[in-house]
Amino acid sequence: DDGRIGGKRGNNVAVSRDDQMKVTFAGISLKINEMHKSKLHSLYQSMLRNTLGRHNRDDDRYEEYLKQFPKLLFAILLRYDALEGAGLQSAIPPTVFRYLHERFGCELECFASPFNCWLEKSVNGGGHSAGRVLGGNYGSAFGDTDALFGSFGSFFGMDFLKIAEQSGGACFQANPPFASEFIERMCHRMHQLLDVSNRYGEDGGNSDNKKKVLPLMFVIFVPAWSESTGWKTLSSSPHLKKHVLLSQKDDVHYYAEGTQHRRAMDGKGSHRVASFDTSVFFLQNDAAREKWPLSDDVDDSMLKTAFAMSSHDDKDGKGSLCETESAQLRIDKKPLQTPQTQKQYRQNDPIAPTAKGKKKKKRLNDKTEVASKKKKIDEWGEG
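In terms of my numbering, the sequence shown opens at residue 631 and continues consecutively.
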């Protein structure tokens, strides 16, 4: 009744008057708006269902783990708050995600966070397609905090070929950190994956061992800094099938604010006009080129229209589910499987008590234990 979640003084979630919340632990208070808090709660619930099994609402562990949400929310807010000095990554707008999903069946983001990953409910189509939850599949920088909210882990550790096998082909969206050396490293890994996927059709003379070449595609969004090594690596890629240039002056386009989760949803908007020209690179293997042939006129027009965000509801953040219906969201769709995340979740209880053994508490990337994470939070609070 007093707006607090968590019960104990000094370790609670307090709701303020402007639809923002303060998550307080050990004297440290961090902000998040109600809509993004609800989004993270939905992602956390989805992770629990996928970990414990889909029919688990009567499982005592499920309710116990739900009680841990305020602490986990504080931990992830603190992690990303520490990054602000270096800049929080902006995201492409939901209208562009819809274009990628409808055009190529794209459902996974290579570089995102629990705060800015795409998550919304489909309103188009009939039958089972209407009302389907879209998105919520993403890679991110921090396995120890983000995995509890559905992250697949680092881009450099994800098994893209396995995902493509399970889906019968796949398109992935990449909006990497705008650092040239990082973009170059990303591109080299994409080249390796596309090269390997093309070799699936080589049987060495034995047709029994021949694998079907699966469509594999990456759509990459980066600033059009044509003098940088990262941009040059992408523009000279042997797998490049299309490059769309969006001019800052002539093709007005938007990005979602990196700090959108802390902003009050007061109509001022959670998106901003791009301050640079944007390059969109389409990398495809041979099978993807056949499945998703690219049109200069149609795809250019569709992409630029999506980036322009003609709907006011999209510009002010009210077009995506995380800002409208997320409090009621249940993500019951079958998650994409990767050895790094979902399989490991089923083997290792991600927030199990200490008695279950130290070996079963390692995180995806840096193998930080939950107990160690809580200790660090206490140390930060004391400092």
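FYI, nobody ran anything at the bench for these hints, they're computed from the structure.
Where hints are given, some of them may not hold.
[Unchecked claim] List of simulated lysine-lysine pairs, BS3-like, C-alpha gap at most 30 Å:
1) Lys879 - Lys921
2) Lys862 - Lys872
3) Lys652 - Lys701
4) Lys872 - Lys934
5) Lys921 - Lys842
6) Lys792 - Lys921
[To be verified] FRET-style restraints, in silico, Cβ to Cβ:
7) Lys652 - Gly798: 20 to 26 Å
8) Glu732 - Gln698: 32 to 38 Å
9) Gln822 - Arg919: 15 to 21 Å
10) Pro807 - Lys661: 34 to 40 Å
Don't be surprised by glycine CBs; every beta carbon is placed ideally from N, CA and C.
Hint by hint, here is what the structure shows:
Restraint check for Lys879 and Lys921: the C-alpha separation of about 34 Å exceeds 30 Å, so the hint is violated. For a cut-off of 30 Å, the pair hint linking Lys862 to Lys872 stands: about 14 Å separates their Cα positions. Of the pairs offered as hints, the one joining Lys652 and Lys701 holds, with about 12 Å between alpha carbons and a cut-off of 30 Å not exceeded. For the proposed pair Lys872 and Lys934, the alpha carbon gap of about 14 Å is at most 30 Å, so the pair holds.
Distance check on the hinted pair: Lys921 and Lys842 sit about 13 Å apart at the alpha-carbon level, within 30 Å; holds. Only pairs whose Cα atoms come within 30 Å are accepted, and Lys792 paired with Lys921 is accepted, the gap being roughly 19 Å. Checked against the hint of 20 to 26 Å, the pair Lys652 and Gly798 fails, with Cβ atoms roughly 46 Å apart. Look at Glu732 against Gln698: about 37 Å separates their beta carbons, and that is inside 32 to 38 Å.
The hinted range of 15 to 21 Å is satisfied by Gln822 and Arg919, whose Cβ atoms lie roughly 18 Å apart. The given range of 34 to 40 Å is broken by Pro807 and Lys661, whose C-beta atoms sit roughly 23 Å from each other.
Checked against the numbered hints given earlier, the structure breaks hints 1, 7, 10 and satisfies all the rest.
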